[in-house]
Amino acid sequence: MGEFTMSNRRDFIKHSVLLGGGALTLGLFPNELFASGELVKLTIVHTNDIHYHLEPFPETDAEYAGRGGLERIASLVSRYRKENTNLLLVDSGDMFQGTPYFNYFKGDLILRIMSKMGYEAGTLGNHEFDNGMGDIVSALNYAAFPIVNSNYDFSDTVMAGHTKSHLILKKGGVKVGIYGLGIELFGLVTKQNYGSTHYLNPVETALKMEQMLKKEHNCDLVICLSHLGFSYKENKISDKTLAPQTKYTDLILGGHTHTFLDKPLLLKNAEGKPILVNQAGWGALAAGKLDLVFDRRGHMKGRSAELNIL
Amino acid sequence: MRRLFFSISAILFLFACSPHLSVYQLTTKNIQVNNQAAKVDSTIEAIVKPYHDSIEHDMTKLIAVSATPLVKGKPESKLTNLISDILLKSASDYCKINNLNITPDASYTNYGGLRSSLPQGNITVRNLFELMPFENEIVLVKVSGESIQKMAERIAGRGGEGVAGLTLGIRNAKPSTLKIGGKKVDPLGLYWLVTNDYCANGGDQMSMLADPVQRINTKMKIRDVLIQAMAERYKKDGIISVKEDGRIYNEQ
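Protein chains in written order, with the working numbering: chain E, 55 to 364; chain L, 305 to 556.
In short, the hints are calculated from the structure, not lab data. Misleading hints may appear alongside valid ones.
[Unchecked claim] Here are some of the chain L residues that sit facing chain E, going by a computed Cβ distance under 10 angstroms:
hint	residue
1	Val-327
2	Tyr-328
3	Thr-332
4	Asp-345
5	Ser-420
6	Glu-536
Nothing here was measured: the structure is a model prediction, and the numbers come from that model. Note that beta-carbon positions come from the ideal geometry of N, C-alpha and C, so glycine has one too.
Using the sequences plus the hints, can you model the full thing?
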């Protein structure tokens, strides 16, 4: 596994197929290990840049006719919950702005819907700030889930106390640590709409957060909800440039650049260990699903772990 | 892409780090959300319905009819041209009505500010809300030719955006030709540029516009202006037909 190169995925895929000899499924694991709870399966579903697309795009839409819609993702999530009750639903920001619902009902309706769907964490995109922080605070009254952001210092603003720097959730015995990274607001959001928010370096913040979540809190899985963007031509921090600098982050679930990926990007972190970066387009036109099987008692010890990208 | 189901199996020691639980298998799938993937959830739909119904009357109002879909594209496109033309014309009208003795020279619309497309056929208020969801206003800034040049560099670097009154040739992501009103832009000259308040405040990396010689805040909401201008044009000229006219082009 140490032999694949990050820079050339095509080679890596060929290489892996040679090594692994094709797809394996959950059949790899004896069912009784699930039954006895010694193997735990955690399903993560993630969205980003929903931009208030509650309903499918209109049939007249020039690009996305009849596609997308959070109402559809809601039924997907219900279906996945039936398959596995141990499901974590998260979002990577820019929930607001994009359909007239935002103009008429501020952020209230989307947060109400996401709460009803059972989202357990979200983060802030730049468009959450479009009508100022006062409107974020009032919309948060409708959110039954926390907004996690680790690199906006809101202490001098009305947002103080309304977000969490990190979150730890127990899912079927799996300890999941979540932190959130927002994009630099200067030049992107009108100054008066973010006021005295202090922007903290996202890389330094990530290293601090992952260290704390993995080492102090012993999280089994560390997730970064990012609104930094997938990648840029110019020299600017992105999920792709952040990932190789981290040590303990397992997944970066991103947003902002509206990137549709056929499959998550597998990179190596600072210690040469795998880290996955994913993003699910925008407008509820896509959703990412990750099924992770954890081994509680070391039954699978000695067997090699497996990554299936469908 | 939808059909491409390929599956790989890699020998990985994923996240194997005691004393934590180890991941022994990770299966990922990026789902395209369409009618094959899932129907809408009726419980969620029922919550949305009263909100939907309360704005439906406003949203379904017909503004205009378009001969073709209007989709944004680079270096120029029907959509970016239409919006930029309306901005320039509306700002000119504003100056006349208010006896400002100003003739705006050009307009700029940031590509990222146009959030969707307009359909072929009926264009409704909803389409305009989705295209221009922001509460942005039209602003006029009087800036130097040097600032216009810097703006053009930014536009060229992005492969083209929305402009009117301005001609831009792009070579190697840089401006190779830059004209306003058919004349080469004079770095020492002064020009009135029409844009939105977001860019006039330096947003979307347009800091060269943020410190103008003079600035006029029209207080006209861009969405309202677009709705009014398109409705008037449709009433006057019938079905809207927009052309690409080479205002931004790639030079070999």
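The hints, checked one at a time:
At its closest, the beta carbon of L/Val-327 sits 5 angstroms from a beta carbon of chain E; the interface hint therefore holds under the 10 angstroms criterion. Because the closest C-beta pair between L/Tyr-328 and chain E is about 5 angstroms apart, less than 10 angstroms, the hint holds. With its C-beta approaching chain E no nearer than about 5 angstroms, L/Thr-332 sits inside the 10 angstroms limit, and its interface hint holds. The restraint placing L/Asp-345 at the interface with chain E holds, with a minimum CB-CB distance near 4 angstroms, inside the 10 angstroms limit.
At its closest, the beta carbon of L/Ser-420 sits 7 angstroms from a beta carbon of chain E; the interface hint therefore holds under the 10 angstroms criterion. The closest approach between the C-beta of L/Glu-536 and any C-beta of chain E is roughly 22 angstroms, which is over the 10 angstroms cut-off, so the hint fails.
Of the numbered hints listed earlier, the single one contradicted by the structure is hint 6.
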